[in-house]
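*Asks:* Sequence:
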Amino acid sequence: MIRNTAKNKNGIITRTNFDLKKDLKFQKLTAVSNLRVQNGEMLAAVTEKLLIHYSDGKGERYQEMPLPLQSPDHVAHIHLCRTGFHSIVSSKLGHNFYIHLKSNAVHHLKKIRCVVTAVGWNPDYSKDSDTTGPILLGTLQGSIIELNVGSTGMMTTLKELTPHVAQIAEQRMTSAPSPAAAITDIQLFQLSDDDPKAPKKWMLIIAQMARLIVLIMENEPPPTLKLGGFTSSASLQAGLMNLGAEQSPTTVFHAFFNSPNTQQHIISSSKFSEKFKNHGFLTMHPSITEPKRYAWLSPDGISIGSVNIYAERIQEVLVEEFNIESKMADHQLEMVVKLSKIGLEWSKIDSDRHRLIEGRLEPPTGIALTDYHILLAYFSRVLALSLLPPHDVVFEDPWTPELGSALGFTTDSVTEFHWLYTSEVAMKYGTNDEARYIWKTYLDRGDYAKALQIARTRVEIEPDALEMVLRKQADFYIREKNFTAAAEILAQSSEPFESVVLKFLTNSSERKMGLKTLLDKKLERLTRHEDKIRRDALVMWLLNVQLEELAEMRRLKNNMTDPIAADHLKDTMDHVQRYFMRKNVIESIQTNREAVYRMCIAHADFEMQLFFANAVKDLRTVIDILMLREQYIEVLDVLKNQRISELTYEMCPLLIEHIPKQIIGFLSQNLDQMSPQKLTPCLSLCIKNLEMAAPAMDFLKEFLKSNKYSDVKNFRNLHNIYLHLMAKFRRETLLKYLKSNEKGRAELPYDLDFAMRTCEQFELDECIVFLYCIAGMFGDAVDKALVYDVDLAKKCAKKMDEADLDFAYLAGIGGDGNNEFIRPKLDEKAKKSIWLKIAEYYVQKENDVDKAIQIIQESNHLITIQDLFPIIPKFTKVGALRPVIMDFLMRNKDRLEKLEKSMKEATDIATEIREKQEKLKNRTTVVKPSDVCAHCARPISGRAFNVHSCRHLFHRECLEIAMIPFLTSEDVARMKTLITDEERVLGQMKAEQLAGNAKGFVEKQDKYLKIAALIGNIVGNECPLCGDIAISQIDKKFMSDEEFATDLNSWIL
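Mapping to full-length UniProt numbering: the sequence shown position 663 is 663, numbers consecutive.
By construction, these hints were calculated from the structure, which means they are not laboratory data.
Please note that the accuracy of each hint is not assured.
List of simulated lysine-lysine pairs, DSSO-like, C-alpha gap at most 27 Å [claimed, not checked]: (1) 1007 x 1036; (2) 201 x 127; (3) 736 x 799.
Based on the sequences and whatever the hints tell you, model everything.
*Replies:* Here's what the structure looks like:
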């Protein structure tokens, strides 16, 4: 292996030497004159007439392919397609050969007699194919030929499209071709899709020594060829087919040169130099896909720029970015970079001194592009220049003269290896993580976007690179006061969140906007389930920032009359609402909605609270906010959009006072869904005024009519409300309603007692009389009727006989069995007393004894004349009240006895409880070592303690603290005094013990025990947790008003 003498900065360029004679064991090698490598397939001219084919990396033996050339002719050019399957070989005298490298068969293209210097391979045939497809050949004379040849060497297309691409003065003056006319490279691109029916759009880039030509054309799909006539074997061998006299072979790319619609753009060098003869190299990178950059060696130097094959203007396809020009000064070569595109001043970059060859400047033998460098091959070394300013030389690889001078430089488009060859050796150059320092170069230049792009691709290799770029870019934006951009960058960083946030925590509006952006971007990145807590925290923080912003904008709006402020506020609110409707945000709001509501209330932002409540479908909060804002119609609209629920019955009583007609209309529309019992609170409020009562009465009339045959119990409250409303607002209709429901008491739809109280309240005497009769209170009915109509009183008395038919109910065995208001059956004496009242009326009020006597007949002889004697002037009222008194006592006899029995049982139970409490005071309690104090929760053993019968244990000190709230101020003062005395006596007792005075010790001990007993009497009588003393405090507040206010203020955010 040949020694590698490369000077390599950072080791970004690698070189592998390949000795064709030794490594391939090819002894016939005289001198390599040409070499090409594509897709790992190497084709080299090792003698004047011999080619060898070697597959690099496959370990196969090379294949020899001799060419039928006569001296002094030899191989001049080798062209190899990207797949490595097809090759065009051209000799110095213009003989051309096609080689299919799969079969290694050589076919002489006799119809082509010119030196082919460049081949534009068809990208449509870039895969494994037995034909080259339509390709373009560039010649030494500057002509373009279209060729289509198959693996057998048969040419289906062969036509010269133009004799010379661009004539120059030298060529027109002489018949000999100019060196500048030679075509050095052809690049062919298809710009349209693969639809076979649509016209195809093609781009052609032709390179000459002093110019670049860009052509764009469209052509229709070629028609199907109709083969005809006889094809001779000679024609087949020549690679041509006889297509008939009437039809010539169809070309694909003729429109490039003869169509008026072809777009054309020429980039010319400003001068021509013989030094660069046959050195007009053009290379593009990447070459296997859509190229992004080009390098062109011309007499002006090396032009490097961007490539955009899909540019709208043809002039923007190739755009020069800078140019490397070779100059000689004091035998020293300087690389001058012309920043032509961005218009900056020229800057000179010193490079290593280049050798002169016989006093002439040494031009590059070849050039190649990598992602970030340009390789320049000279006769005795290879240089690599950075494509980034200041375009330093990062790699120099000189070799010893024994290896020979460089003859050529070629690039394998697939493997992206670059091959330099001399007459004996091939050198394979490759890149080794060439982006390792590029991101730092971009970063130093302040090109953060490109530095970030490269750092992201290297995050697995250099994780710190990405962090450094993000921090530098964020610091730049912060210096520029662009806090929003800085926040977007820092959100991508792994820098601790706390340190990042500190950069935005000021009152500056710009920093607040940056903080909002930072929180937003961080929130977008928290998508995992494990990030829920962090996501919720960010949502709450971001919500607080947004609410502060909205509050500030409202203040500005109130202080300004400019309508722009109102529009700005509305737009901002719409933006905030759209933002918070995102899935991950609304989920956090749903989870923490109470906290969200409190935050909205703290900012007095009921609009946002209403929005959030609607977003999470919290109807109760929506309604509460609308009620607070007195938007009652909107509340009703919310209820209408929901099914009838408990919320409906809850809100109707609150709304009916404000919009009674609308609420009654809403209830009427949903009669079939209404629950009668739950309508009571709403309709009962309609008694307040006629505006509410009128629609309520109409609703109840219709509702009760539609449920006439339903269970009476379910509608009794509604009937009561209806009756009350009529008694107050429609007095004339109440008696008709009562008579329409004249049934037995068990079947009445309304509550009879309620009806009587209501009629008494509104002084509806006739209705009261009617209800008394329904209730069987005929005596009261007659008394009431006699006040204004004696005939009505007689009608009531006559109803007593009809009431006997309903005696089953009155006896308590009919209907629902409700015995609470049952009266005994009227006996003859009671009936007599009622009739006697009427008779008494005639005697006392009208002084008409005759009418009184007629009562005997009207009562169906229930009373006799003897019964009327007492009502003669000697009549007294005591006799008339006696039946009523007797009736009351009889009716309530059972209830009084039951009440007496209940009181006796309660007394017995109380006595039993007291006895048990007395027994509990003497109960023995076992204390375990594991028991703990109920106050401090520490083990009870080891210190003095108290035990209560309820099993609550307290250290004595804890008990003293717990009992202070239950003691009077006098007891507290006395207890503190005793505790002080106890401590003093305990100290004295210890002193006596140390002094050895046994008698004094006993005295102090007795005194100590007495004081401890007194303290125990104060604090140990009852348990402070469940004793009577604690129960007596149940109606007292836990905290005083001052303590409550202090605690409440501590919770304010």
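*Asks:* Does the structure keep residue 1007 and residue 1036 at a Cα separation of 27 Å or less?
*Replies:* violated, 38 Å
*Asks:* Does the structure keep residue 201 and residue 127 at a Cα separation of 27 Å or less?
*Replies:* holds, 20 Å
*Asks:* Hint check: residue 736 vs residue 799, CA-CA at most 27 Å. Holds or violated?
*Replies:* holds, 19 Å
In summary, the structure is inconsistent with hint 1 from the numbered list given earlier, while agreeing with all the others.
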